[in-house]
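Enquirer: Chain B: place on chain A using the hints.
Single-letter residue listing:
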Amino acid sequence: GAMMRKVILLLLLLCFTAHTRGKLHSPPAKPGLTSCRSPEKETFTCWWKPGSDGGLPTTHALYYRKESSETVYECPDYHTAGENSCFFNKNDTSIWVNYNITVVATNALGRAFSDPVEIDVVYIVKPNPPEKVTVTVMEDKGWPFLRVSWEPPHKADTRSGWITLIYELRVKLEEEIDWEMHLAGQQKMFNIFSLRSGGKYLVEVRCKPDHGFWSEWSSTSYIKVPDYFHREKSTWILITVFSTFTFLILMWLLHMNRHNLKHCILPPVPGPKIKGFDKQLLKNGKSNQIFSALVVPDFPPATSSNYEDFQVEYLEVYVRREQELVLEESKDLHNSCLKSESSTSDCDSGRGSCDSHTLLMAKCREAKEGERQTDRECSPMRTEAQRRLKDWEEEALNYAHAGIVSLEMSSGRVKTWPSVFSPLPRYSSSPLDQQSSLQMAKQLSLSTSSYLTQPGHSTKEALGQSYWDLCLSSKQPHLLNPPTPVCRELQAHSDVNISSIGHKRAPAGPRSPALHTTEYVEVQRVDNKDTLLLQPVVQGCGRMGGCFQMPHGEVYSKVKGVDSDNVLLLQREGMGEDRCPCVEQETNEVTGSCHKSCTVSTTQKPSGCIYTAVPVRDEMATMANGYVDTATMCTLHTC
Amino acid sequence: MHLVSVIQRGVWAVLLWPNLLASSVPLDCREEQGILSRCPSISQEKLLDRVIEHAELIYRVSEESCSLYEDMFIPLQFQRNQVGYACITKTLPVPSSKNEIQQISDKWLLHSVLMLVQSWIEPLVYLQTSLDRYNAAPEMLLNKTKWVSEKLISLEQGVVVLIKKMLDEGMLTINHSEQGLLQNGVQPQMLESVMRDYTLLSCFKKDAHKMEAFLKLLKCRQTDRYNCS
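So the protein lines, in turn, are chains A and B.
No gaps in the numbering here: position 126 of the first sequence is 126 in the UniProt record's numbering, and each next residue is one more.
No gaps in the numbering here: position 179 of the second sequence is 179 in the UniProt record's numbering, and each next residue is one more.
Heads up, none of these hints are tricks.
Sample of chain B residues facing chain A (criterion: CB under 7 Å; computed from the structure):
#, residue
1, I42
2, L57
3, G158
4, V161
Derived pair list, reagent style BS3-like, types lysine-lysine, alpha-carbon separation capped at 27 Å:
#, chain 1, residue 1, chain 2, residue 2
5, B, K210, B, K98
6, B, K46, A, K155
7, A, K126, B, K46
8, A, K49, A, K90
9, A, K126, B, K146
10, A, K66, B, K46
11, B, K46, A, K208
12, B, K164, A, K66
13, B, K46, A, K90
14, A, K66, B, K165
15, A, K90, B, K146
16, A, K66, B, K107
17, B, K219, A, K66
18, A, K208, B, K146
19, A, K90, B, K165
20, A, K90, B, K164
21, A, K132, B, K146
22, B, K146, A, K188
None of these hints come from the bench; they were simulated from the model.
Since the structure is predicted, the reported quantities are computational estimates derived from the model, not experimental observations.
Each residue gets a CB set at the ideal place from its N, CA and C atoms; glycine is no exception.
For reference, chain A alone in the conformation it holds in the complex (with noise of 0.2 Å):
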């Protein structure tokens, strides 16, 4: 029972205990000091927080005690400041000494003591919110800005530097969240740029002292800036819309004249542009065909200025086979007559064969009859001249002298080494006064002038052959121009690459047609395309027999070959007061004597001596019996 009731008293008690903190009296609870503040270091307040007041009425009192001063003292304004605070005035407050402030709460049933503090009012000081905060909008060139002014708090002693504050302001736009911070130092005005155009801005200012804390923000400013236009916006639109014309025009520009820029930039690859070229026949491979259709039908040129003093005459050249069957194939008019003479050239290496007086003469023989059948299928490409001096041609070679190694060719038939042709030397009883020497030259030359120019070209040959036609005949001289005979030598050697022919002297004079068939045909000049102009020489050497013998020597020369430089070397044969070296064929010449020095010269007779050295080709082979030598070698020079 008793244990029971002290069980039940002290849970009555545990609980009542309970209870009491929340309903029954009790002395008050612990009050709280929670802030000192001075606004201006002359002054300054506390305030305190009171605990549960324990039910009962409850009184708070502040006691402070000034620093090594056992002296209490109590708040001396409990309403200055408001609720649960104490002001303590000007003559209270000293900055020499630290204060102990406790506040005591106090009820029916007992006191507390909230835990005491220390204030160095130095510390504690924060100051009021700026005053009189202004904001202007000024402007600096165009462009606007803000000005913010404001005043210190007027209780803070900044003017006698009681306190020194700073300040520090803040921005922002309406529609914004953050703030723009700005400090301001000491001073009390500010200047904010960069603001947008129309926009409506807040600013707020605070301060704090040098030790001591931050003021509250003062009440909001607003301000709206005006609509401004930017200057410099207006300038770049202008600059933006010239350059967009300029470059549209330009743009233009550029796309007329596509064409020629594509050409400037890229331009054409050049394709070939050898006349008569055929790419397709080059795609195909056939080189014949390629070859044959560079062939120039005009070429030789048929005419030419520099050949009209000439009358030509016939000349007879051989070609070598290959060439001969290339020839065929030429599509010039010449064909027919290589064709036609196919059969009778012997291209044989030892064209000495060939060249053999022998041979020659029957391959004169049958030049002739081809030459007759040539001369009837080319008769459109010769003149009734030429056809004379063919026939000139064949009765010379029915007198043919043994000594004489004279080549005759059958007209359209070119015997040549790689591009030299030699022509045959003609003998011609026959007058060739009236034989043009300048169209026999003129036709020696051309076809010279075709080998030369295209050397190893067959179609050349081909060309040169029908102009080739030793039809020298001196029976005809009335068809020359000048009434001179022509005597024309030529000496087609097979061996000998002669790219030009000496001077192919005409005999002066009438021969007696069954004898003297030896013509000649001066070398006119070479001109710059190695073309040896030939023309029929007339002078003293013709006598008639005497052409071709040794005592035409002067005026002979005979083509002792071509040199390393494709020079036509001639020799002259003998003197004459006519220095007109003509190329003779001497059947008694032995392979490379020279029978005379070479007499250079320079000076040209009027009439005509021409002294050419032609670029021979590469092939030099020795003659034999007698022909150009190539071992001998004279240099004949240009008059």
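Expert: Same frame as chain A, now just chain B:
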């Protein structure tokens, strides 16, 4: 019952135990503590700095007041030069020459400052009343002089505390010599109030500068004894 009572007391004790710890225990003071610091007292260096700062302010304001008064009421230069010898604090045993100042001890420095301060409290009050009687005294002048007199009193308190701290002397009784400095120091020819007021202002300005100098010297001596002048 005994147990119950014991239990009750124990319970009360448990309930009221926080109150037992109500009395605070002063902690050691640290220099850098801010608000609600537990430092029992302001340190000596800090106090000296504050006193010096105070004195500087007083001097500055007094200088401004004097120049303001001069510009307004004393236009002629010759009049300004007359006040040099009529300062009321001449009679105080305050060192005035540099030699004396260097030889004086810290204690006497402080006491000199205190004497000066104390001797000027009353005249300034008189000056204030005198200026109030003016017709055209500017507001600023009045405010300044008023401010100065207030701050002077505060300075006196500070110096007293400083003396107590530095010299470990007891509270000095603020002994305002009521000898009537004004009566003694006022020259007969200075009956004119303007000149009198002006004299007061300028003399005070000089003395304020003196106070400031003494205090600064004192501070200098605290840090480096032998390099101060």
